[in-house]
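Visitor: Residue-level listing of the chains:
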Amino acid sequence: IQLTQSPSSLSASVGDRVSITCRASQGIGSYLAWYQQKPGKAPKLLIYTASTLESGVPSRFSGSGSGTDFTLTISSLQPEDFATYYCQQLYSYPLTFGQGTKLQIK
Amino acid sequence: EVQLVESGGGLVQPGGSLRLSCAASGFTFSDHYMDWVRQAPGKGLEWVGRIRNKANTYTTEYAASVKGRFTISRDDSKNLMYLQMNSLKIEDTAVYFCARVPGRGNDLDYWGQGTLVTVSS
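Here the protein sequences line up with chains A and B, keeping their order. Residue numbers are given in my numbering: position 40 of the first sequence equals residue 321, and the series is strictly consecutive. Residue numbers are given in my numbering: position 90 of the second sequence equals residue 79, and the series is strictly consecutive.
No wet-lab data here; the hints were simulated from the structure. Careful, some of the hints might be misleading.
What the hints assert, rightly or not - Calculated cross-link-like contacts (lysine-lysine; reagent style PhoX-like; alpha-carbon spacing at most 25 Å): (1) LYS322(A) <-> LYS387(A); (2) LYS387(A) <-> LYS32(B); (3) LYS383(A) <-> LYS32(B); (4) LYS78(B) <-> LYS56(B); (5) LYS325(A) <-> LYS383(A); (6) LYS383(A) <-> LYS319(A); (7) LYS56(B) <-> LYS32(B); (8) LYS43(B) <-> LYS67(B); (9) LYS319(A) <-> LYS387(A); (10) LYS32(B) <-> LYS322(A); (11) LYS325(A) <-> LYS387(A); (12) LYS32(B) <-> LYS319(A); (13) LYS322(A) <-> LYS383(A); (14) LYS32(B) <-> LYS78(B); (15) LYS32(B) <-> LYS325(A).
As the list claims (entries may be wrong) - Restraint-style ranges between C-beta atoms, simulated for each label pair: (16) ILE386(A) <-> GLN2(B): 40 to 50 Å; (17) GLY308(A) <-> ALA53(B): 20 to 30 Å; (18) ALA293(A) <-> SER14(B): 36 to 46 Å.
The beta carbon of each residue, even a glycine, is placed where N, CA and C say it ideally should be.
Build out the structure end to end from the sequences listed, making use of the hints.
Guide: Below you can see the structure in the form of structure tokens.
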């Protein structure tokens, strides 16, 4: 199953609302997770089963979607949110990641 | 506190072998499936494979790119997971992360900091 994220990169300002989309090549129900990765660090789980917020993750992050189209939304960007974001399908093996979306400061 | 620490990375020639280890602490290791994920320099994340727990007979899954060359195993008595990498190719150069699969699903809730494998002559 291929995952296509859009955009590949995004420039935004602190306080902006941003959305990143992830499209699957076939239906995956709600079997999708979102991760955040900062340079030189391990990925961090943000969202699982498409819309469930991982414990400790700020509520400005939210996920939605099912089937083939999914969205990660950050309601009000904070300085620490500038990072690369990846979606991952958890529906069938091999598990696959999207190519990533780099969120940069405008 | 859950901790995952990878080790064993380094420089290896094409065609060579290397074994990575992932040391787990802070949780009941034997209960959990565990994954390996890699990231080539400047590139995105690539899922490598998974090993299930004893209750699921330690079965494994692999990405097509490593199947037949890489083997995942575990030693629950030592809280260790391994990635045996044979017939290494230049394109296997990457940081290799181990990650824990929580009981609720297939997502990865804790990750190690990674170990760098460089395949070069």
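Visitor: Given the hint that LYS383(A) pairs with LYS32(B), test it: the Cα-Cα distance must not exceed 25 Å.
Guide: Cα-Cα ~11 Å, so holds.
Visitor: Do the Cβ positions of ALA293(A) and SER14(B) conform to the proposed distance bound of 36 to 46 Å?
Guide: 38 Å, holds
Visitor: Next pair to validate is LYS387(A) with LYS32(B); report whether the Cα-Cα distance is within 25 Å.
Guide: 22 Å, holds
Visitor: Is 40 to 50 Å right for how far apart the beta carbons of ILE386(A) and GLN2(B) are?
Guide: Because 41 Å falls inside the window, the suggested range holds.
Visitor: Keeping to a limit of 25 Å between CA atoms, is the pair of LYS322(A) and LYS387(A) held or broken?
Guide: Cα-Cα ~22 Å, so holds.
Visitor: Sort out whether LYS67(B) lies within 25 Å of LYS43(B), counting only the CA atoms.
Guide: With a Cα-Cα distance of about 14 Å, the restraint between LYS43(B) and LYS67(B) holds, given a limit of 25 Å.
Visitor: Given the hint that LYS56(B) pairs with LYS32(B), test it: the Cα-Cα distance must not exceed 25 Å.
Guide: 21 Å, holds
Visitor: Keeping to a limit of 25 Å between CA atoms, is the pair of LYS322(A) and LYS383(A) held or broken?
Guide: Holds, at roughly 14 Å.
Visitor: Under the criterion that the straight-line Cα-Cα distance not exceed 25 Å, is the pair LYS78(B), LYS56(B) satisfied?
Guide: 13 Å, holds
Visitor: Is it true that the CA of LYS32(B) sits at most 25 Å from the CA of LYS325(A)?
Guide: 17 Å, holds
Visitor: Has the given pair, LYS32(B) with LYS319(A), been kept, meaning a C-alpha gap of at most 25 Å?
Guide: Answer holds: LYS32(B) to LYS319(A) is near 13 Å, not above 25 Å.
Visitor: Between LYS32(B) and LYS322(A), is the straight-line Cα distance small enough, at 25 Å or below?
Guide: 14 Å, holds
Of the numbered hints listed earlier, not one is contradicted by the structure.
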